[in-house]
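Asks: Sequence:
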Amino acid sequence: MSEKRLNQVNQLIQREIADIILKEIDFPPGCLVTVTRVKTSVDIAFARVCLSVLPVSFAGRVLKILEKNIYHLQQVLNKRLVMRTVPKIMFRLDLAEQEVERVNKLLDKIKNQG
13 MSEKRLNQVN
23 QLIQREIADI
33 ILKEIDFPPG
43 CLVTVTRVKT
53 SVDIAFARVC
63 LSVLPVSFAG
73 RVLKILEKNI
83 YHLQQVLNKR
93 LVMRTVPKIM
103 FRLDLAEQEV
113 ERVNKLLDKI
123 KNQG
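Quick note, the sequence shown lines up with residues 13 to 126 if you use the working numbering.
Don't read these hints as lab results, they were simulated from the structure.
Check the hints yourself; a few may be wrong.
Pair by pair, the computed Cβ-Cβ distance ranges are [what the hints assert, rightly or not]:
{"#": "1", "residue 1": "Q125", "residue 2": "M102", "range": "37 to 45 Å"}
{"#": "2", "residue 1": "K16", "residue 2": "H84", "range": "25 to 33 Å"}
{"#": "3", "residue 1": "K117", "residue 2": "M95", "range": "20 to 28 Å"}
{"#": "4", "residue 1": "Q20", "residue 2": "P67", "range": "27 to 35 Å"}
{"#": "5", "residue 1": "S14", "residue 2": "Y83", "range": "30 to 38 Å"}
{"#": "6", "residue 1": "V94", "residue 2": "L119", "range": "42 to 50 Å"}
{"#": "7", "residue 1": "R73", "residue 2": "R114", "range": "17 to 25 Å"}
{"#": "8", "residue 1": "N124", "residue 2": "V94", "range": "52 to 60 Å"}
{"#": "9", "residue 1": "D120", "residue 2": "T97", "range": "40 to 48 Å"}
{"#": "10", "residue 1": "R17", "residue 2": "G42", "range": "16 to 24 Å"}
{"#": "11", "residue 1": "R49", "residue 2": "R73", "range": "19 to 27 Å"}
{"#": "12", "residue 1": "S69", "residue 2": "R49", "range": "18 to 26 Å"}
Okay, derived cross-link-like pairs now, EDC-like style, lysine to aspartate or glutamate, Cα gap no bigger than 16 Å in a straight line [to be verified]:
{"#": "13", "residue 1": "K100", "residue 2": "E28"}
{"#": "14", "residue 1": "K76", "residue 2": "D38"}
{"#": "15", "residue 1": "K16", "residue 2": "D55"}
{"#": "16", "residue 1": "K91", "residue 2": "E15"}
{"#": "17", "residue 1": "K76", "residue 2": "E36"}
{"#": "18", "residue 1": "K100", "residue 2": "D55"}
{"#": "19", "residue 1": "K100", "residue 2": "E79"}
{"#": "20", "residue 1": "K51", "residue 2": "D106"}
{"#": "21", "residue 1": "K51", "residue 2": "E15"}
{"#": "22", "residue 1": "K80", "residue 2": "E36"}
{"#": "23", "residue 1": "K51", "residue 2": "E28"}
{"#": "24", "residue 1": "K80", "residue 2": "D38"}
{"#": "25", "residue 1": "K91", "residue 2": "D31"}
{"#": "26", "residue 1": "K91", "residue 2": "E28"}
What you are looking at is a predicted structure, and each value in this text was computed from that prediction instead of being measured.
Glycine included, each C-beta is placed from N, C-alpha and C at the ideal position.
Let's have the full structure, built from the sequences with the hints guiding it.
Replies: Here is the structure:
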């Protein structure tokens with residue numbers, strides 16, 4: 013599959029799974045979950061959905077909630093997408109957000125010391 017087509021599939025899955033999660037899943041109050049990107053395998057068998065969770069302390073609970081409901085989420089995605097093969101979704105935390113938060117805390121600490 014061409015890289016352009018794979019990017020289109022990634023964007024489509026990202027939009028759809030974000031919408032499904034917004035409408036179908038209840039997260040703890042004060043928790044913000046964002047689908048940051050999707051990485052689909054070349055054979056379109058699997059799609060890794062990267063999530064940003066704020067505050068970071070909710071990340072474990074959010075992943076447990078999503079894993080518990082993954083079968084339902086996959087079914088809804090399968091019905092929404094008009095594709096020959098709909099990839100199997102897997103959820104992963106996007107650690108880039110955590111790294112940004114860690115760097116910001118370090119910068120604040122340095123700023124307050126100086």
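Asks: Would you mind confirming whether the straight-line C-alpha gap from K91 to E15 stays at or under 16 Å?
Replies: violated (25 Å)
Asks: Is 25 to 33 Å right for how far apart the beta carbons of K16 and H84 are?
Replies: Because 31 Å falls inside the window, the suggested range holds.
Asks: Determine whether the Cβ-Cβ distance between V94 and L119 falls within the hinted range of 42 to 50 Å.
Replies: At roughly 46 Å between Cβ atoms, L119 and V94 fall inside 42 to 50 Å, so the hint holds.
Asks: Need the status of pair K16, D55: alpha-carbon distance at most 16 Å?
Replies: Holds, at about 14 Å.
Asks: Can you let me know if the beta-carbon spacing of Q20 and P67 is within 27 to 35 Å?
Replies: The hinted range 27 to 35 Å holds for Q20 and P67, with Cβ atoms some 33 Å apart.
Asks: Take the C-beta atom of R73 and the C-beta atom of R114, compute their distance, and say whether it sits inside 17 to 25 Å.
Replies: holds (20 Å)
Asks: Does E28 lie within 16 Å of K51 when you go C-alpha to C-alpha?
Replies: holds (14 Å)
Asks: Evaluate the given range 19 to 27 Å for the C-beta pair formed by R49 and R73.
Replies: holds (22 Å)
Asks: Does the structure keep K91 and D31 at a Cα separation of 16 Å or less?
Replies: Holds - the C-alpha atoms of D31 and K91 are around 13 Å apart, at most 16 Å.
Asks: Verify the proposed pairing of K80 with E36, using a straight-line Cα cut of 16 Å.
Replies: Holds - the C-alpha atoms of E36 and K80 are around 13 Å apart, at most 16 Å.
Asks: For the range 40 to 48 Å, tell me whether the beta carbons of D120 and T97 fit it or not.
Replies: Holds: the Cβ-Cβ distance is about 47 Å, inside 40 to 48 Å.
Asks: Sort out whether E36 lies within 16 Å of K76, counting only the CA atoms.
Replies: holds (15 Å)
Taken one by one, the earlier hints fail for this structure at numbers 3, 10, 16, listed in ascending order.
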